[in-house]
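*Asks:* With the hints as your guide, set chain S onto chain D.
In order, the protein sequence lines correspond to chains D and S. Using our numbering, the letters of the first sequence correspond one by one to residues 1 to 112. Using our numbering, the letters of the second sequence correspond one by one to residues 1 to 113.
Treat the hints as calculated values from the structure; they're not laboratory data. It is possible that part of the hints are untrue.
Claimed, not checked - Here are some chain S residues pointing at chain D (derived, C-beta under 10 Å):
| id | residue |
| --- | --- |
| 1 | 6 |
| 2 | 40 |
| 3 | 41 |
| 4 | 42 |
| 5 | 43 |
| 6 | 44 |
| 7 | 45 |
| 8 | 50 |
| 9 | 58 |
| 10 | 62 |
| 11 | 86 |
| 12 | 90 |
| 13 | 92 |
| 14 | 104 |
To be verified - 25 Å max Cα-Cα, derived BS3-like pairs, lysine-lysine:
| id | chain 1 | residue 1 | chain 2 | residue 2 |
| --- | --- | --- | --- | --- |
| 15 | D | 42 | S | 11 |
| 16 | S | 11 | S | 57 |
| 17 | D | 3 | D | 68 |
| 18 | D | 3 | S | 18 |
| 19 | S | 18 | S | 65 |
Beta carbons: idealized from backbone N, C-alpha and C, even for Gly.
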Amino acid sequence: GEKVEQHESTLSVREGDSAVINCTYTDTASSYFPWYKQEAGKSLHFVIDIRSNVDRKQSQRLIVLLDKKAKRFSLHITATQPEDSAIYFCAARNNYAQGLTFGLGTRVSVFP
Amino acid sequence: EAAVTQSPRSKVAVTGGKVTLSCHQTNNHDYMYWYRQDTGHGLRLIHYSYVADSTEKGDIPDGYKASRPSQENFSLILELASLSQTAVYFCASSPTGSQNTLYFGAGTRLSVL
Numbered sequence: 001g002e003k004v005e006q007h008e009s010t011l012s013v014r015e016g017d018s019a020v021i022n023c024t025y026t027d028t029a030s031s032y033f034p035w036y037k038q039e040a041g042k043s044l045h046f047v048i049d050i051r052s053n054v055d056r057k058q059s060q061r062l063i064v065l066l067d068k069k070a071k072r073f074s075l076h077i078t079a080t081q082p083e084d085s086a087i088y089f090c091a092a093r094n095n096y097a098q099g100l101t102f103g104l105g106t107r108v109s110v111f112p
Numbered sequence: 001e002a003a004v005t006q007s008p009r010s011k012v013a014v015t016g017g018k019v020t021l022s023c024h025q026t027n028n029h030d031y032m033y034w035y036r037q038d039t040g041h042g043l044r045l046i047h048y049s050y051v052a053d054s055t056e057k058g059d060i061p062d063g064y065k066a067s068r069p070s071q072e073n074f075s076l077i078l079e080l081a082s083l084s085q086t087a088v089y090f091c092a093s094s095p096t097g098s099q100n101t102l103y104f105g106a107g108t109r110l111s112v113l
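Here chain D stands alone, though its shape is the one from the complex (with noise of 0.2 Å):
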């Protein structure tokens, strides 16, 4: 089956900066992409996502970009503010399978 594998544990950056999370997966049929965010004592929500057709979407600070070739994803937290300290998750998902592969998780820690 699927594999994720996402290479930082831990990230910490200085308010302003960028931070960069980066994925890698096994199924060359993997199609979709999302990101989860997870705060301190809550629970997981979607932040963003991007699907085998573009290599790179944007919103806002966030940017998300898709190398195919390489089964590599990453996700760019541009000028990076104090709330956007959390867990991140990267996730992948092909289209005969049900349900997402997930990351292990980033802690993103942004300091002043």
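*Replies:* Structure of chain S alone, referenced to chain D:
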């Protein structure tokens, strides 16, 4: 606003006992999921359902049963709870499967002693 409500929010169970975790959604979504979250494992899919009265196995179904008596309700049942089932359990719903946004509940922290 989409709403997925889980109960209880936390539970302590004894080894060998029966545990039922409940999930209720008011999103009118067809798909519902149960995930568990463990340190070092991220989230893993236990069971899911895309229609009432039917459930499907996810990636780690052993030791768990699921029940979907209505579109709104989805339960996770541990018939014989074990220490290894100590984890945080999340329920989620989505309108048309997981190529659409998942809406998660607040989670249930289960400790099996």
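*Asks:* All the hints need checking, so say for each whether the structure fits it.
*Replies:* Checked hints:
1. 6: Cβ of residue 6 of chain S sits 9 Å from chain D, so the hint holds.
2. 40: holds, 7 Å
3. 41: holds, 7 Å
4. 42: Hint holds; residue 42 of chain S Cβ to chain D Cβ min 4 Å, cut 10 Å.
5. 43: holds, 4 Å
6. 44: holds, 8 Å
7. 45: Interface hint status for residue 45 of chain S: holds (4 Å vs cutoff 10 Å).
8. 50: holds, 8 Å
9. 58: This interface hint holds because 5 Å falls under the 10 Å limit.
10. 62: violated, 15 Å
11. 86: This hint is violated: residue 86 of chain S lies away from chain D, its Cβ roughly 18 Å from the closest one there, beyond 10 Å.
12. 90: holds, 7 Å
13. 92: holds, 8 Å
14. 104: holds, 4 Å
15. D:42 with S:11: Satisfied, since the Cα-Cα distance of roughly 17 Å is no more than 25 Å.
16. S:11 with S:57: holds, 24 Å
17. D:3 with D:68: Distance ~15 Å between residue 3 of chain D and residue 68 of chain D Cα, so the pair holds.
18. D:3 with S:18: violated, 32 Å
19. S:18 with S:65: holds, 11 Å
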